[in-house]
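Starting from the given sequences, assemble the full structure and let the hints guide the process.
In this text, residue positions in the sequence shown follow full-length UniProt numbering: the first is 1, and each later residue adds one.
What the hints contain is simulated information worked out from the structure, not anything from laboratory work.
This structure is a prediction, so every number in the text was calculated from the model and none was measured.
Idealized CB from N, CA, C, for every residue including glycine.
Among the hints, a few may not be true.
Unchecked claim - Computed list of lysine-lysine pairs in DSS-like fashion (alpha-carbon distance at most 25 Å, straight line):
#, residue 1, residue 2
1, Lys21, Lys36
2, Lys106, Lys150
3, Lys5, Lys106
4, Lys236, Lys106
Unchecked claim - Have a look at the derived ranges for each label pair, beta carbon to beta carbon:
#, residue 1, residue 2, range
5, Asn221, Asp37, 37 to 45 Å
6, Ala258, Asp155, 22 to 30 Å
7, Asn249, Thr45, 43 to 51 Å
8, Asp155, Asn232, 27 to 35 Å
9, Lys217, Ala114, 47 to 55 Å
10, Ser2, Thr47, 38 to 46 Å
11, Lys54, Ala81, 21 to 29 Å
12, Asn232, Ser44, 25 to 33 Å
13, Asn249, Glu148, 33 to 41 Å
14, Lys54, Gly211, 37 to 45 Å
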Amino acid sequence: MSDYKITCCSTADISAGHLKKLGCAFGKYHYIIDGKDYADDLYSTITPEQFYAKIDAGAMPTTSQVTPEELCEIFEPILSAGFDLLHIEFSSGLSGGWQSALAAQKIMQAKYPARKVYVVDSLAASSGYGLLVDKAAELKAGGMGIDELKKWIEDNRLRLKHWFFATNLAHFKRGGRVSGPAAAIGTLLNICPVMDVNSEGKLIVRRKAVGRKKALKDLFNCMCAQAEGGMNYSGKCYICHSMMESEANQLKGMVEEAFPGLNGEVEINPIGTVIGSHTGPGTVALFFFASDKRGL
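Structure representation (structure tokens):
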């Protein structure tokens, strides 16, 4: 059995150091701010504070997906060294990056016909995508082969829950997730939409909470109700946020107290520049594995 490598993209919203530890090279999405195009390098050249300060000052960033050529630059050194490759891509329901991954796969498979070049749609986003990559690396380290791991991801990706809320609706309005009138009323009444990612990998508003305290409690209650094994959940849990450190730490404390069997501490990450271009500051998200799969 040939050895293989796992790759992903920067929209996994876990640190570059974490990915290096997992042995995962990553393709970089792009964000455009103040008229300049930047590669999303997982905050290696800009801090979250600097990025969100630009948004607070009125910058309206846009984003672009990783290109097939950029992915080929990640894939080729792995394949030329004699490894097979499993690339886990950002949700096809949120970006055209999946099409870039398929195009890169076709190019590399033709150039390296003796190698396995697999791409799989995570149907996940942000640190939920990161949690899936982390789990895949764990299974690989445990001896799972590339074919079995590809099938495991496809069979289990919809068990990965994403729950999040937003206190700043301006960027969700700009992206079409919330209507203009709803954003105006929501801001006026301190309403926080509570959202998840559905079975098609798309963001869906599920309900509304009044105030961030109730929204935070809503996320926690979702985990209590849905986590695999109930309150005996023994998997990992990730949280990410955009300039909501206090709320993220509060949620971490709630989860760690309620779920003593967690696999390690809850990991908190900043929402990256690409996802953050669409959320703006004021978002908190919670990710964990459930017994049941996501629906529409």
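Tell me, which hint numbers fail for this structure? 1, 4, 7, 8, 11, 12 and 14
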